[in-house]
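Dock chain one against chain two, each of which comes alone in its own frame, and use the hints as you go.
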Amino acid sequence: MTLFLALRNLFRNKRRTMLTLTAITTGIMALVLFDGFVRYTLWGLQESTIRNGLGHLQLATAEEYFTTGNFDPFSYLFTDPEEITKKLKVLPEVREVIPQVTFSATLAGAEKSGIVMVQAVPAELSHSLLSFRNIIDGRDFTAADRYRVILARGVAEKIGARVGDTLTMMAVTRNGGLNAADLEVIGIASLGLRELDNIQVYLDLPTAMDFLDITSVPLLIAVLEKTEYTGEVQRAITQRFKPQLDQALVVKAWEELADYYRQVQEFYRSLLRIVRFIIMLVVIFTIVNTMTMAVLERTREIGTLRAIGTQKTGIIGLFLAEGFWIGFFGGVSGILMGLAGASFINTVLGGIYIPPPPGMAEGYQAFFEPAFATVWQNLLLATAVSVLASIYPALKGVKMKIAEALRYL
Amino acid sequence: MILVTLQDVYKDYIMVKTRVPVLKGVNLQLAAGEMACLMGPSGSGKTTVLNIIGGIDFADRGRVSVYNQDLQAMGDKQLSAFRNKTLGFIFQYFNLIPVLTAFENIEYPLVLQRVGKKERRRRVEAMLEAVGLSAVKNHRPDELSGGQRQRVAIGRALITRPKLVIADEPTGNLDHRTGKAIMELMKEMNEKEKTTFIFATHDPMVSSYTRRVLHLLDGAIVKEEKA
Chain L
321 MTLFLALRNL
331 FRNKRRTMLT
341 LTAITTGIMA
351 LVLFDGFVRY
361 TLWGLQESTI
371 RNGLGHLQLA
381 TAEEYFTTGN
391 FDPFSYLFTD
401 PEEITKKLKV
411 LPEVREVIPQ
421 VTFSATLAGA
431 EKSGIVMVQA
441 VPAELSHSLL
451 SFRNIIDGRD
461 FTAADRYRVI
471 LARGVAEKIG
481 ARVGDTLTMM
491 AVTRNGGLNA
501 ADLEVIGIAS
511 LGLRELDNIQ
521 VYLDLPTAMD
531 FLDITSVPLL
541 IAVLEKTEYT
551 GEVQRAITQR
561 FKPQLDQALV
571 VKAWEELADY
581 YRQVQEFYRS
591 LLRIVRFIIM
601 LVVIFTIVNT
611 MTMAVLERTR
621 EIGTLRAIGT
631 QKTGIIGLFL
641 AEGFWIGFFG
651 GVSGILMGLA
661 GASFINTVLG
671 GIYIPPPPGM
681 AEGYQAFFEP
691 AFATVWQNLL
701 LATAVSVLAS
711 IYPALKGVKM
721 KIAEALRYL
Chain C
39 MILVTLQDVY
49 KDYIMVKTRV
59 PVLKGVNLQL
69 AAGEMACLMG
79 PSGSGKTTVL
89 NIIGGIDFAD
99 RGRVSVYNQD
109 LQAMGDKQLS
119 AFRNKTLGFI
129 FQYFNLIPVL
139 TAFENIEYPL
149 VLQRVGKKER
159 RRRVEAMLEA
169 VGLSAVKNHR
179 PDELSGGQRQ
189 RVAIGRALIT
199 RPKLVIADEP
209 TGNLDHRTGK
219 AIMELMKEMN
229 EKEKTTFIFA
239 THDPMVSSYT
249 RRVLHLLDGA
259 IVKEEKA
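For the protein sequence lines, the chains are L and C, in the order given. Take 321 as the starting number for the first sequence in the numbering used here and just add one per residue. Take 39 as the starting number for the second sequence in the numbering used here and just add one per residue.
Just chain C, with the same shape it has in the complex (with noise of 0.2 angstroms):
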């Protein structure tokens, strides 16, 4: 099943009076358990691929289906409600929120679901044990390893049970080890929870946990690598 479709997309970003073209029709198509890295050098577009595929951000041109939804024509609640059901997010800086402790961060999504109390309360403690933070549950983030954080975004990011998890430069804010760990974890939930993920990264050791690659330069898909 295909479960993300960009089909000659563009976008063009304003620059003090410039407009900069960002991506220039790209061509994409991910299939549901697929586990996909967006690779290329700084300024490539590989943020703008996954913030259009987020629907965080919008093309300007093109095609964007995302689980059979049509990104574009959404209006901004259902966008909403869309990504917290859908799409799990994993970011550099882990942008967790810091008043929250690792559980309560963790819940956020599914207190937007009006999940009940109860019901919270058993997946976030399940979640916790599958990312191994259970001894840290209370803990602020502020508290907390730069792994143990990342390991908080990604249980936040999949307690809602997304299709497709989008990740950018998950392991850019951590050594390699502890970004190794953070892969392997990925890949397993990708492996027992068939969660579809796509990474943009500059890191080979990332890729290296995907069975495709697909190199943006200047805002084009020039080269695809499957393995």
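So here's chain L without its partners, still in its complex pose (with noise of 0.2 angstroms):
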């Protein structure tokens, strides 16, 4: 009767309850929109980290190898790389285990010079770990290609370099000597991550392999057919195949890498929480307006219910009730309008162009994809705080003396 009751008394002064549904359902779209596209970017954020070379899993031989594996690739080898990848790629969420050597060297043009970091993979498989290089002039390797380089952007234009020219790479080898050799620019990316922009140069395995006089290789990257199955492919390679294994053997995850992506992340989520609050708090004050105006206005009929036996608590239930219709069908509004809104720009406006962010060498294409859970968290959140700001008034409406409320005009 309660929920019956209070459905009814809603609809009472329609110009009001309407605008405070659109109160509600403004904000509840806004938060819907704001979540799709924060969650789209991050994706999108996600997906260009794991693709820029970083993979899903990193596999080495220790766990000082994170920290300082660039500088000493050597102390790090695999004794059998090999086995550990027949091993992976028995799982069929692996779609590919990639040997990896990664070092620091000086590359020299013909004036200019400058630390680049060299990432090194077999050519046949660059393009499973390298999937989001974007070459923008020359090509990509191919498995015939030894003693070649593709420059990053922005290491091609500080040593100004391009494709065709010559350039020396020196870096110290794994007998501690120092080591020069002559490389052709056959190619040009963009890596989307100007921190990667300004400083990535990419070899073919074999001609690392060979240039540091090493055998194997000190990393294992694995990347798999989707994102999701991170963690249970980590569980089953530290849980199944670690004890198997004559060698010592650390797995890290892709996001335990990716500190760049975990600071957008937490900005982003600071943000959501803000935006939600400052939201959150204009429905509050709206609701309270509202409920207020309700209870003064009913303060006989209040009076009248009490009189004929309501418990406090009965009427205290009414206005929350008549909180939680208003929270919900301004919940359920906003949500269709926020989906309705994010279909309309994804489909018909094909998205919208966000300039580059910080730390990104260029913009994109935003699209709105809110998520499901998301989308049922606002419409709680909506009806709970709804419900909530329903108490103050509520409680004043109880307050008054009986025989005082029916007396009031």
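Do not take every clue at face value.
[Unchecked claim] No farther apart than 27 angstroms at their CA atoms in a straight line, the calculated lysine-lysine pairs in the BS3-like style are these:
hint : chain 1 : residue 1 : chain 2 : residue 2
1    : C       : K55       : L       : K721
2    : L       : K562      : L       : K407
3    : C       : K201      : C       : K156
4    : C       : K261      : C       : K225
5    : L       : K721      : C       : K123
6    : L       : K721      : C       : K62
7    : L       : K334      : C       : K175
8    : C       : K264      : C       : K218
9    : C       : K55       : L       : K719
10   : C       : K62       : C       : K261
11   : C       : K156      : C       : K123
12   : L       : K632      : L       : K716
13   : C       : K225      : C       : K175
14   : L       : K719      : C       : K123
15   : C       : K115      : L       : K716
16   : C       : K115      : L       : K632
17   : L       : K572      : L       : K409
18   : L       : K721      : C       : K115
19   : C       : K55       : L       : K716
[Claimed, not checked] A few chain L residues that face chain C, going by a derived Cβ cut-off under 10 angstroms, partial list only:
hint : residue
20   : N329
21   : R620
22   : I628
These are calculated hints, taken from the structure and not from any lab test. Just so it is clear, CB atoms sit at the ideal spot from N, CA and C, and this is done for glycine as well.
Laid out in structure tokens, this is it:
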């Protein structure tokens, strides 16, 4: 009866109810859209991070490799990387296991030189690991390429190198001596992330191993069929394969290694919390105002209901139920409007262009993809906030003495 | 059987820092099945007496007993349940719930008593029949005339078969003919159901339906007439 009566009361002052519903609808719609935008942006960043050379899982021989390995890859070489590769490839979730060497080197052009980070993988597997690498000039590696290099855009600009130029690379080899080699530039790539664009260069793995005088690699990268499998495969490797191996093994998930992604994720989450807080504050004030007006208008009615035997809790329940309905209807219409808005932006407008965010080299076309779970959270939030906001007016409603309430005009 | 006892009841109101005495030692007893009436000019304390008997206001001093219950000693929860089960209220301005139909308004006190749906329907239909509103049972108060609204209010007051019905100016907002019809209805209920009624009114027509008239002046009963 309480919910039924509250529902009817909701439409007594249609104009005021509509205004309140509009406020909640707008707020929830904004939250749904913003959440969809953040989700897409984080997904984009996640995939570009993974497919720019990080992979889903990285396997090394020691924990220290992940902090100092780029400067001393020789201390962490696997004794039998093929054995691990073979075991991992049994898992259906694993698409590719890619051996990789990463080391720092000096790259010199005709007039300028700079420190770069060299990433070397087999040419035939590079498309799996570097699918977000965009060759903007020249070409990608073929299996036959040796002593050729692809430069990230920022490196090419700093050194002043173009496709077809020959550069000299110098780095310390396994025996501690300094080695130098001439490399032909076959391509220039854009990586999306400015910090990578300014430092990264690519070699094919045989060239890198020959140059460094090594016969094994310090790192194996697992690329999975889907990013969602990361945790599951990490557990499988740690629990099932690790005990069977003769060599030490440390497995890191991409998220543990992607500092920039984690910072951006935390930034967006904080932003979302702040936006949600502000919107809910507006909703609270709107509902407190609406309910206070409703309580004032219905003072005599409250007196009547109390006189005929309704308990104080019954009156409070009535106003909370009204708050529930307002929040529920506002939430539902906000979600529907938000989903419709997202669909319009995605399909009709083809997304919205976002200029390069801090740390990114390029802007991107943003789409709005709200998560099902968040949609329900927003509905729950709108309803809960609405009910909570009704408590104060409801308490005010039962505070008045019945005889006074009945005299109220 | 004595249903209502007011003994040396005093009540003051605070009006902007000033204490205004409203009841100055009211003594009253009402027997079960009686139909009594409080008469007096505005401000004489009629409504306050009714409110105190109805447990919606409290005396500052004195004893208030209704149906052997000391109302002054009851907590809010107990008092609400007591009002719902033992008393019925009829107001000058009908005080119906505007979003409920005539049927639902009459049904509401039974919902509070958690009476089953089937039983509720049976009793409400019978009450609608008794107050002559079966044809308009699905109408909301704003679709009813003043007389019909007061009939709904009477139905609501009587549906729980209360021991006592408190009616404050029940005809105050009705024309003479409709008021008379309403009083006839209440008299009929009094005779048929033996329900006790106490009225507060200015209207001699109302008092003509009662066997006992108590005259209030400045917060005290100054005269009593019995038919």
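Hint-by-hint comparison with the structure:
{"no.": "1", "hint": "C:K55 with L:K721", "in the structure": "holds (18 angstroms)"}
{"no.": "2", "hint": "L:K562 with L:K407", "in the structure": "holds (10 angstroms)"}
{"no.": "3", "hint": "C:K201 with C:K156", "in the structure": "holds (24 angstroms)"}
{"no.": "4", "hint": "C:K261 with C:K225", "in the structure": "holds (23 angstroms)"}
{"no.": "5", "hint": "L:K721 with C:K123", "in the structure": "holds (20 angstroms)"}
{"no.": "6", "hint": "L:K721 with C:K62", "in the structure": "holds (21 angstroms)"}
{"no.": "7", "hint": "L:K334 with C:K175", "in the structure": "holds (25 angstroms)"}
{"no.": "8", "hint": "C:K264 with C:K218", "in the structure": "holds (21 angstroms)"}
{"no.": "9", "hint": "C:K55 with L:K719", "in the structure": "holds (21 angstroms)"}
{"no.": "10", "hint": "C:K62 with C:K261", "in the structure": "holds (15 angstroms)"}
{"no.": "11", "hint": "C:K156 with C:K123", "in the structure": "holds (19 angstroms)"}
{"no.": "12", "hint": "L:K632 with L:K716", "in the structure": "holds (11 angstroms)"}
{"no.": "13", "hint": "C:K225 with C:K175", "in the structure": "holds (23 angstroms)"}
{"no.": "14", "hint": "L:K719 with C:K123", "in the structure": "holds (23 angstroms)"}
{"no.": "15", "hint": "C:K115 with L:K716", "in the structure": "holds (18 angstroms)"}
{"no.": "16", "hint": "C:K115 with L:K632", "in the structure": "holds (8 angstroms)"}
{"no.": "17", "hint": "L:K572 with L:K409", "in the structure": "holds (17 angstroms)"}
{"no.": "18", "hint": "L:K721 with C:K115", "in the structure": "holds (14 angstroms)"}
{"no.": "19", "hint": "C:K55 with L:K716", "in the structure": "holds (23 angstroms)"}
{"no.": "20", "hint": "N329", "in the structure": "holds (6 angstroms)"}
{"no.": "21", "hint": "R620", "in the structure": "holds (7 angstroms)"}
{"no.": "22", "hint": "I628", "in the structure": "holds (5 angstroms)"}
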